[in-house]
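Could you put together the complete structure from these sequences and hints?
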Amino acid sequence: MRPFTYQAPTSVGEAVALLTEAKQGARPFAGGTDLLVQMRRGLFAPEMLVDVKRIPELNRIAFDPTEGLTIGAAVSCAWLCDHPAVRQHYPGLIDAASIIGGAAIQRRATLGGNLCNAAPSGDAISAMIVLDATATLAGPTGTRTVPVSEFCTAPGKTVLKPGEMLVSLHFPVPAPHTGARYLRFIPRGEMDIAVAGSGAWLALSDDGGTILGARIALAAVAPTPLWVKAASEMLTGTTPTEEVFTAAAAIAQEAARPISDVRGTVAQRRHLVGVLTRRALQGALQRAKGETCDD
Amino acid sequence: MTNKTLISATINGEPVEFLCEPHQSLLECLRDILGLTGTKEGCNDGNCGACSVLLDGQLVNSCLVLGVEIQGRAVTTVEGLADWRGLHPIQQAFLEADGFQCGFCTPGILIATKALLDREPDPTEADIRAWLSGNLCRCTGYDKIVRAVQAAACRLYAECEVNV
Amino acid sequence: MNAQANKPFTVVGERLPRYDGADKVTGKAIFGPDVALPGMLHGFILRSPHAHARILSIDTSRAEALPGVYAVVTAADLPPAESTDHRYAHDNTFAGDKVLYVGHAVAAVAARTPPIAEQAARLIEVEYEVLPAVTDVLEAMRDDAPILHDDMRTHSLAGRGDKPSNVASHFQQLKGDPARGFAEADVIIEREFHTATVHQGYIESHAALATWSDDGVLTVNTTTQGSFAFRDHLVWLLDLPMSKVRVIPTEVGGAFGGKNTSYLEVPAALLARKARRPVKITMPRPDVFLATGPSSGAFFRVKMGATRDGHITAAQAELCYAAGAYPGSPVGSGANVMFGPYVIPHGQVDGYDVVTNGPRVSSYRAPGGTPANFAAETVIDELAEKLGLDPIEFRLRNHAKEGDERIDGGTHGSIGGIEVLEAAQACDHYNAPLSGPNRGRGVAHAAWGNWGGRSSCTLSVNGDGTVSLVTSSVDLSGTRTTIAMQAAEALELPPERIRPSVGDTDNTGYADVSAGSRTTYATGIAAIQAAEDIIVQMEARAAALWDVPAERVTYARGVFASGTDQRFTFAELAEQVTGSGGSVSSIANVDVAEWGAGFSTHIADVEVDPETGKVTLLRYTVVQDVGQAVHPTMVEGQMQGGATQGIGWALYEGYAYNEQGQMLNANFLDYKIPTALDVPMIETVIVEVPYPKHPFGVRGVGEPPIVPPPAAIANAIYRAIDVRPTHLPMTPAHLLEKLGLIES
Amino acid sequence: MNHDSWREVSAMATVYIPSLMRDLSGGQDKISVPGKTVAQVIEALDAVCPGVKARVADGNHLAPGVAVSVDGVIARLGLRAPVKAGSVLRFLPVIEGG
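Chains as they are written, first to last, in the working numbering: chain A, 9 to 303; chain B, 516 to 679; chain C, 18 to 761; chain D, 36 to 133.
Accuracy of the hints is not assured; some may be wrong.
Straight-line C-alpha distance at most 35 Å; calculated DSBU-like pairs for lysine-lysine [what the hints assert, rightly or not]:
hint: 1; chain 1: C; residue 1: 45; chain 2: A; residue 2: 61
hint: 2; chain 1: D; residue 1: 119; chain 2: C; residue 2: 710
hint: 3; chain 1: D; residue 1: 71; chain 2: D; residue 2: 88
hint: 4; chain 1: D; residue 1: 88; chain 2: C; residue 2: 180
hint: 5; chain 1: A; residue 1: 165; chain 2: A; residue 2: 61
hint: 6; chain 1: D; residue 1: 65; chain 2: C; residue 2: 180
hint: 7; chain 1: D; residue 1: 65; chain 2: D; residue 2: 88
hint: 8; chain 1: C; residue 1: 261; chain 2: C; residue 2: 115
hint: 9; chain 1: A; residue 1: 169; chain 2: B; residue 2: 519
hint: 10; chain 1: C; residue 1: 320; chain 2: D; residue 2: 65
hint: 11; chain 1: C; residue 1: 291; chain 2: B; residue 2: 519
hint: 12; chain 1: A; residue 1: 165; chain 2: B; residue 2: 519
Some chain D residues well away from chain C (every beta-carbon gap over 12 Å; in silico) [said to hold, decoys possible]:
hint: 13; residue: 46
hint: 14; residue: 47
hint: 15; residue: 66
hint: 16; residue: 67
hint: 17; residue: 69
hint: 18; residue: 72
hint: 19; residue: 79
hint: 20; residue: 115
Label-pair ranges, simulated between beta-carbon atoms [what the hints assert, rightly or not]:
hint: 21; chain 1: B; residue 1: 671; chain 2: C; residue 2: 66; range: 48 to 54 Å
hint: 22; chain 1: C; residue 1: 40; chain 2: A; residue 2: 10; range: 35 to 41 Å
hint: 23; chain 1: C; residue 1: 428; chain 2: B; residue 2: 600; range: 55 to 61 Å
In case anyone wonders, no lab produced these hints; they're calculated from the structure.
Where a beta carbon is used, it is the ideal one built from N, C-alpha and C, also for glycine.
Okay, structure coming up:
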């Protein structure tokens, strides 16, 4: 890969200044588990890497029972998955964050990196969409927040403007009788990129008999992680039964726009969207009822 | 000349200084600059685990860490496991359980095992296999590696008998 | 303690610490990529981006002008090729007029640093005329397929083809009258199978360091399965005197047949000669997939018939193997594995070696055997089921014995196949209950011929009674230990008295590659012969010291005796040896012409998710005849490692090509070898039917266990979800197609 | 004794004729001919069944992909391999160890 310069700023302001000055030539660098691999393959050659791992705002996990959860963009998956509050309140996020690579990758790969890499198969992104997460960005013109569901615009492309960087991700407090579940399909036990993935979130009435709110998001079956709004709307107001989940899964299959590549075929991916969505909804239902779901 | 940075860090408990360019990975620095060839390259893209080291006690693939990142930090490689007292209990357990054949993936697996046992003294077989899923081995079929890790756990936290 | 031979063993059969263990668990062991020299340059190989193209021109001027570049070489730097085989090896080192696969080497650069070498390689301008490519074996056999070699005609014992073809050769084995055999059959099964190209998957890549002395001696440090094979390759391609080429093997980080072939040594030598500096080339992982020697993708048509009482009357098979850019696929050994274990009165096998736009295949553990066994043992399983017979019972009923004639005309030697099947039938796993939905148990059986070949072993007695052992057999997985144990057994000495090491081409006798499961077997025979000669020499020295006729001196359990009261322990005599006529040493050079085949029966329990097609291995057992286990732990390691490679071949591994013949998964992310999570503990049952032509009954162990896994897993999948896979790898998508849940 | 009894029987080697060459041997699957090396045996065989040599040999080498076994052992020396009286020769595909 082509040589580059390296900076390790200790404040957001410093980082933004470096990124802005170098325009397209600089990239934020956190875990590097996607970035360095793609640079070595010559997919892009930044002049400068801005190491964001020494900036306090990007290196913290804060949970508040009323405010919700805030995760710095440079927090590693391992740190996240070991955090008691995240394990207790956001098991759906753990489903996704805990399967990004093996133990060594987990200690470097970050949620922020997974989002900014914006791969169609990004495991954490679909989970973040169904958990209604928002991204806080900092740039030359100040800070702004963007729903994660609107963050990815095309494979490897995001809403980040030149000089802008991701600072943190925010998750609302999980309301009672809600639950989320993320499942992906891979041929091996681990170490694979998703052939297809499906995240589901359900909010139930107090008696558990009615679905008050639902969100479904798919991975690896569209140019970006895909929020299937039609399925979400169809589920709202129904009773959480096998038939309803199967119907929602069929809508998700329709919405999917899979391609064939080395990891899977169009037919296989469309079929898997049906299976995974139904199972993710069943898992979300169990968690919404306070049960632990079978993996 | 190119833009080299002076890095000072602690490697296997000893202060070390070296010059490296930003694009050089920690793996390259260990092997080509510092001559510590115990850490191996299998793929250079984070998929095989042969380059596993501990960075401030955390298990990482050194091919996906930049040399410039370890300024002021501590790295442990396979060469740092044994000490003046002799082999580390993990190394001893792998010798007795024959937890290797060609030995190329062994440095990475020994480091990963240390990281696991530091965190989970009595791992189940499933815990071990999940933890080592990022360390590829093509010779052994993993059976004797898993048994070696179990024996190492016993040896380190000696309340179970070693059944290798 | 094993009481097979006339007396119990004291060393053979023990689970000793391996001699190479300490260096391997401390990171001190030196592998190919670890060697370096002061002033060493770094080499980088420019490879073709096209699968099939004519090279119109190569301009290296801009590369040579780049600061820090010391040498650039291409095919023009190689001495001209003479024979066809020579030209093929010549062109596979650096492409001649055509590139025949993506990754085909075109040029190489030596520079001060790796980035400069890579940057310089990008400055080499190559003008290509791109041609259509073909990677599938059946496509390549079609008359209208793109022709790789205009001068290639199909060779067969029926005569030479008359038009350009990608079919390099066709052979046929015939026994009896298949038509009559099928007429006698009550049940006939005919199936077709497709299997993908797979790679050995060794974690250590390839690496070579070449240095020339000022008087023209070339020294190469490299990771290889045979230092002499690599020396011969250098001599052959560079037209050098053998005595001026020295190959020094490093530790080998996994090979499995893939390091029988030399890839970097000639380019490194050419660069080092031109630059007048040592040059080291290491191969990036993608190039290992693209440009070394995977194992053939293949097509099979198998037809078998049997009578109602369970006797096979006829078997017929067509095997088409993709050899890659140059002929030489293992279709011959695949044919022998096909129906190997069974008595087939009427059989015919046709094998086709077909060139395709892919890297030229090399050996991979029982080359060609695994896919052929997948085809045959699936059909045998289906026959057993149609006849209502237990799968092992049906195989036993048709199993060959010593002296029976095979379809290829050869006869079986001493074989342990029946004992292995009976041990599998009686083992805990085969009789354990397996319940629950979508679960199944499958069995497969296989024979692999193994090999003998040329080996050399030198023993030298030291003054303290220890013995130094040097062999030219590269140690891939523990053979220093198994050879030293056989020397210790023959010398009747404790094993810790022997110190084994691997020599190089300047200080050992010639040896074939460490392959074919031969090293413990054949090099062990050399060690034993050298040991027997050492004893004779030591007896003569004792006789001289005691002034008695040599015939009177005996040696047993480490003690020389003269028949009266005079006695020397080995160490006591060794101490006086140098003073009584100089040191005692012996070199044994053998060419072992006969060897014992290895039989292996595998049992697999699987669970299949009927909605996704994902296969989970619940339990796996390997039952195998090893003749006599020298080091049982290492034997288990071979059975477990071979089985796991077979499991990868069965479920996960395969080259994926696009229409332009480009490989889409040249990395460990998408070329999926099994991880620790993908396999259970691999249970092993060691069967010992001693092979009479080895002093201790040893048989080859390394290759048989990779052969049965795909068939065992396929047969287990059938019992789990009632479909028979016909494609390797048996991916979830393939099973969904077989279940009719998605169209193919 | 059959028609070639005039040859010194003890110096004879038996050659198994592969199925694809039986068009040259009139369907016979075994033929005995004299010869001290594989090359000499093939020359003698070619005299009896014209065309055999062209199929198994390519100049002073065996044809590509073809190997020959003498008494069950693959002859490493190919055409130069020695042949004893009563030896059995077979033509086989090349086989490699892995």
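- For the pair we were handed, residue 119 of chain D and residue 710 of chain C, check the Cα-Cα distance against 35 Å. holds, 22 Å
- Task: Take the C-alpha atoms of residue 65 of chain D and residue 180 of chain C, compute the straight-line distance between them, and say whether it is at most 35 Å.
- Result: holds, 31 Å
- Test the statement that residue 72 of chain D is away from the interface with chain C: the closest C-beta pair must be farther apart than 12 Å. The assertion about residue 72 of chain D holds, with a minimum of 17 Å to chain C.
- Message: Would the hint linking residue 71 of chain D and residue 88 of chain D be met if the CA-CA limit is 35 Å?
- Response: holds, 16 Å
- Task: Decide, holds or violated, for the assertion that all CB atoms of chain C are farther than 12 Å from the CB of residue 69 of chain D.
- Result: At about 22 Å from chain C, residue 69 of chain D clears the 12 Å cut-off, so the statement holds.
- Within 48 to 54 Å or not, the Cβ separation of residue 671 of chain B and residue 66 of chain C? Given about 51 Å between the Cβ atoms, the range holds.
- Item | residue 40 of chain C versus residue 10 of chain A beta-carbon gap, inside 35 to 41 Å or not | The hint (35 to 41 Å, Cβ to Cβ) holds, given that residue 40 of chain C and residue 10 of chain A are roughly 38 Å apart.
- Task: Say whether it holds or is violated: residue 115 of chain D keeps its Cβ farther than 12 Å from all Cβ of chain C.
- Result: holds, 15 Å
- Distance restraint between residue 320 of chain C and residue 65 of chain D, which requires alpha-carbon spacing of 35 Å or less: holds, 27 Å
- Measure nothing beyond the straight line between the CA atoms of residue 169 of chain A and residue 519 of chain B; if it is 35 Å or shorter, mark the hint as holding. Holds - the C-alpha atoms of residue 519 of chain B and residue 169 of chain A are around 31 Å apart, at most 35 Å.
- Status of the stated non-contact between residue 66 of chain D and chain C (beta carbon gap over 12 Å): holds, 14 Å
- If you draw a straight line from the CA of residue 45 of chain C to the CA of residue 61 of chain A, is it 35 Å or shorter? holds, 34 Å
In summary, this structure violates none of the numbered hints.
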